[in-house]
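Engineer: So that you can map any letter, position 89 of the sequence shown is 89 in the UniProt record's numbering, and since no number is skipped, the others follow by simple counting.
What the hints contain is simulated information worked out from the structure, not anything from laboratory work. Glycine included, every Cβ here is placed at the ideal spot set by N, Cα and C. Just so you know, not all the hints are guaranteed correct.
Calculated pairs, BS3-like style, for lysine-lysine (alpha carbon to alpha carbon, straight line, at most 27 Å) [what the hints assert, rightly or not]:
(1) K171 with K161
(2) K392 with K80
(3) K152 with K129
(4) K145 with K171
(5) K505 with K425
(6) K129 with K88
(7) K34 with K391
(8) K129 with K141
(9) K80 with K30
(10) K511 with K3
(11) K141 with K176
(12) K309 with K61
(13) K152 with K176
(14) K173 with K685
(15) K299 with K317
(16) K171 with K685
(17) K152 with K171
(18) K299 with K425
(19) K129 with K145
(20) K392 with K34
(21) K145 with K172
(22) K299 with K51
(23) K3 with K22
(24) K609 with K309
(25) K22 with K34
(26) K88 with K3
(27) K173 with K684
(28) K129 with K3
(29) K511 with K609
(30) K684 with K317
(31) K161 with K141
(32) K299 with K684
(33) K391 with K425
(34) K421 with K447
(35) K161 with K132
(36) K391 with K464
Label pairs and their computed distance ranges (CB to CB) [as the list claims (entries may be wrong)]:
(37) G36 with K152: 40 to 50 Å
(38) S686 with K152: 14 to 24 Å
(39) T573 with C459: 23 to 33 Å
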Amino acid sequence: MSKITTELLLERAVPRSTRLRKIETLNLSKLQLKTGDLDPRLFSRLRHLQKLDLSDNLLDKFPSSLTLPDLRVLNCNNNKLEDVTALKQFPLLEELTYENNVYLTLNDDYKVMFLLQNLRLLNGKDITKLAKHVRRVNSHKLTSKVTAHWEKFFRDQLPEKYTAEQVKSIKKKFLKSVQTNVVYGPSSLSEFTRWRVKMIAEEFLAHSLGLELNSDTEPEEKMDEDEDADEDEDEQESTESPKEAAEDVAQVVHIYDHLVTVTPSKRRRNHSKSSPAKKRSKTQANTKEEAAHNPKKSKPLHFLQCHSKGNSREDFKTQLWSCVFEPVLDSGARKDPIVSSSRTVATCGGESVCLIDCETGTVLKKYKVATEEFFSVAWTTLTMVISDSRKKAHNILAAAGRRGIVKLIHVAADFCYGEIKAHKKPIATICFSPTQETHLFTASYDKRIALWDIGIPDCDYNFKASQLLVLETACTPLRIALVPTCPEQYLLAGCEDGCFAWNIKLDKGQKSRPFEAIFQFPDEESMTTSHRVDGLAFLNDDVVVSKSSKPGCIYLWSWSRSFDAKGKGSQRTMSAVILAELEWSTTDMSYLTLSTCPAREYVFCGDEKGSVWMYNLSSYTTAWGSAKGKRSERRISPTQILTWPELRVNGEQPREILVNNVVADPAFSYLVVLTSVNITAIWKKS
Numbered sequence: 001m002s003k004i005t006t007e008l009l010l011e012r013a014v015p016r017s018t019r020l021r022k023i024e025t026l027n028l029s030k031l032q033l034k035t036g037d038l039d040p041r042l043f044s045r046l047r048h049l050q051k052l053d054l055s056d057n058l059l060d061k062f063p064s065s066l067t068l069p070d071l072r073v074l075n076c077n078n079n080k081l082e083d084v085t086a087l088k089q090f091p092l093l094e095e096l097t098y099e100n101n102v103y104l105t106l107n108d109d110y111k112v113m114f115l116l117q118n119l120r121l122l123n124g125k126d127i128t129k130l131a132k133h134v135r136r137v138n139s140h141k142l143t144s145k146v147t148a149h150w151e152k153f154f155r156d157q158l159p160e161k162y163t164a165e166q167v168k169s170i171k172k173k174f175l176k177s178v179q180t181n182v183v184y185g186p187s188s189l190s191e192f193t194r195w196r197v198k199m200i201a202e203e204f205l206a207h208s209l210g211l212e213l214n215s216d217t218e219p220e221e222k223m224d225e226d227e228d229a230d231e232d233e234d235e236q237e238s239t240e241s242p243k244e245a246a247e248d249v250a251q252v253v254h255i256y257d258h259l260v261t262v263t264p265s266k267r268r269r270n271h272s273k274s275s276p277a278k279k280r281s282k283t284q285a286n287t288k289e290e291a292a293h294n295p296k297k298s299k300p301l302h303f304l305q306c307h308s309k310g311n312s313r314e315d316f317k318t319q320l321w322s323c324v325f326e327p328v329l330d331s332g333a334r335k336d337p338i339v340s341s342s343r344t345v346a347t348c349g350g351e352s353v354c355l356i357d358c359e360t361g362t363v364l365k366k367y368k369v370a371t372e373e374f375f376s377v378a379w380t381t382l383t384m385v386i387s388d389s390r391k392k393a394h395n396i397l398a399a400a401g402r403r404g405i406v407k408l409i410h411v412a413a414d415f416c417y418g419e420i421k422a423h424k425k426p427i428a429t430i431c432f433s434p435t436q437e438t439h440l441f442t443a444s445y446d447k448r449i450a451l452w453d454i455g456i457p458d459c460d461y462n463f464k465a466s467q468l469l470v471l472e473t474a475c476t477p478l479r480i481a482l483v484p485t486c487p488e489q490y491l492l493a494g495c496e497d498g499c500f501a502w503n504i505k506l507d508k509g510q511k512s513r514p515f516e517a518i519f520q521f522p523d524e525e526s527m528t529t530s531h532r533v534d535g536l537a538f539l540n541d542d543v544v545v546s547k548s549s550k551p552g553c554i555y556l557w558s559w560s561r562s563f564d565a566k567g568k569g570s571q572r573t574m575s576a577v578i579l580a581e582l583e584w585s586t587t588d589m590s591y592l593t594l595s596t597c598p599a600r601e602y603v604f605c606g607d608e609k610g611s612v613w614m615y616n617l618s619s620y621t622t623a624w625g626s627a628k629g630k631r632s633e634r635r636i637s638p639t640q641i642l643t644w645p646e647l648r649v650n651g652e653q654p655r656e657i658l659v660n661n662v663v664a665d666p667a668f669s670y671l672v673v674l675t676s677v678n679i680t681a682i683w684k685k686s
């Protein structure tokens, strides 16, 4: 039964009233009201209501038909609102407040300024001039851009006599294209711009082609705008809004004759005594000249500097280490409706973690801890209870580094809700289990790999983390990978002095476990287990790609044919069954790691000259998959090498550019390159 009754409305009227139609001011604050409690039939009787206070409740949205034709003042502070577009039903609204609704952002402010023509005050600020700009100048500019986009790319696609099916098809293509390509205003307003562009495009098509106009568009969920800071003697954490992130640093980088505006970035990897940033130097393979350089395959899209220490324009020392693309939610907080796979990537280095839209180059969010140096980030998707028993999937980002602490960030709410003090020494890398959404592995310089259950936060962000397992290593773990065919049973790790495997099955009794196997690889004259493995990833369910600090050495080997699961005992030595060797730079620099794109059967690895070596192995994997698959006799040359462009910052070209990491999105639409000079490069596949 609804909490709101006629008697309650009469009692909460200011002053108290005897008739609903006579109420002009109504206070419904602090009643624990939910959206379902706002009965449109009852509210429709409040014909003369002008002021409504709904603050300090649990509303997540407004019903679309409250019918309050004379409403002028509305207070929605301290609720859980996720969307504002339903407020257009109150056209006479003059004053609106919705502070402390964590899911609402600057983009929502602009939406209500456009939708509510009479709005004067928003969250206590006079927005009259800005609202006029949004309704007139902004709309005029976007309309011109939408029209130009149609004229240039789509008008000639439609025949003089067209069928309904042809119109439907071109409408779908046009709406997708125009939302992707029409850009205007600051990057912090990209979501509002897409929302308006879609609206303008639909109106344009309705007018030009007589198409039916969609009157109601589904609200998109977004990143929050509010800052959240937590300070103590040791550290200061902060989250920056897109506007703040975009304004931190503004630089111009010259690429040949083109100007590219560089947006913000942050700092370096100088952790403990065994710092991987320190062992660097030497040459590049002669095969670079032999590889295919095809500029039509990929093009540089953005060069960003968003990890600078103290937001300094002069910071070209901060090392960038890890990047991971955000998972796409089926119906979640940050799924982009106009792309089929995620184009948002999380990057880390120095004191900050950034979220970047690869298409626009927009730094969507930045999270900073002044005393931290972040080395690794990882995503998981948790199904959280957001109100009542209502559940919703949200992406959670974990970040860790020099201080041995894992930060847990609810990205949609722009909120670091917790931390796990996982290790007493720096954390080199982290990863989530693909089958257990709350299971997180942390690999540390304390020579341990720990498995944590991070729990699921409740609606107040209370959570309980617990350690499930500790894997003892003989040396520092650098890269970890779960075996795709049995991710709940075996974990593989590339370490400072070898490649190891552990049984991680939780039904085994012992919580602390030694490694089960160490793999040996070809050396100059024999097999050896003693070598640094600073790159490790699976190309498919069976093929492992590992990189040694041995010059120019990237091996592909078979997990199933190398690991004897039937053998007994621990700490057994096993020979890796080598399938092929990739031709790569002859440098002896360490910690230039590799990655794979399993869906496209690609391997990527950067080098000491800023180049990215790309290997398309689709023509090899079938043969390798057979039981008698033989080793490729010759080294496999790269399919393509992306060379670092002639990039100039403040008129000067950065010195030594090392590619610490390079990662493609699952669909291989974008390639994100992290460097040693505080520059994130984003390439797009043509």
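Engineer: All the hints need checking, so say for each whether the structure fits it.
Structural biologist: Hints, verified against the model:
no., hint, verdict
1, K171 with K161, "16 Å, holds"
2, K392 with K80, "14 Å, holds"
3, K152 with K129, "33 Å, violated"
4, K145 with K171, "17 Å, holds"
5, K505 with K425, "26 Å, holds"
6, K129 with K88, "20 Å, holds"
7, K34 with K391, "15 Å, holds"
8, K129 with K141, "17 Å, holds"
9, K80 with K30, "13 Å, holds"
10, K511 with K3, "51 Å, violated"
11, K141 with K176, "19 Å, holds"
12, K309 with K61, "40 Å, violated"
13, K152 with K176, "15 Å, holds"
14, K173 with K685, "20 Å, holds"
15, K299 with K317, "25 Å, holds"
16, K171 with K685, "25 Å, holds"
17, K152 with K171, "15 Å, holds"
18, K299 with K425, "40 Å, violated"
19, K129 with K145, "23 Å, holds"
20, K392 with K34, "16 Å, holds"
21, K145 with K172, "18 Å, holds"
22, K299 with K51, "55 Å, violated"
23, K3 with K22, "21 Å, holds"
24, K609 with K309, "24 Å, holds"
25, K22 with K34, "25 Å, holds"
26, K88 with K3, "25 Å, holds"
27, K173 with K684, "20 Å, holds"
28, K129 with K3, "40 Å, violated"
29, K511 with K609, "44 Å, violated"
30, K684 with K317, "26 Å, holds"
31, K161 with K141, "31 Å, violated"
32, K299 with K684, "5 Å, holds"
33, K391 with K425, "37 Å, violated"
34, K421 with K447, "16 Å, holds"
35, K161 with K132, "40 Å, violated"
36, K391 with K464, "19 Å, holds"
37, G36 with K152: 40 to 50 Å, "47 Å, holds"
38, S686 with K152: 14 to 24 Å, "19 Å, holds"
39, T573 with C459: 23 to 33 Å, "51 Å, violated"
Against the hints set out earlier in the document, violations occur for numbers 3, 10, 12, 18, 22, 28, 29, 31, 33, 35 and 39.
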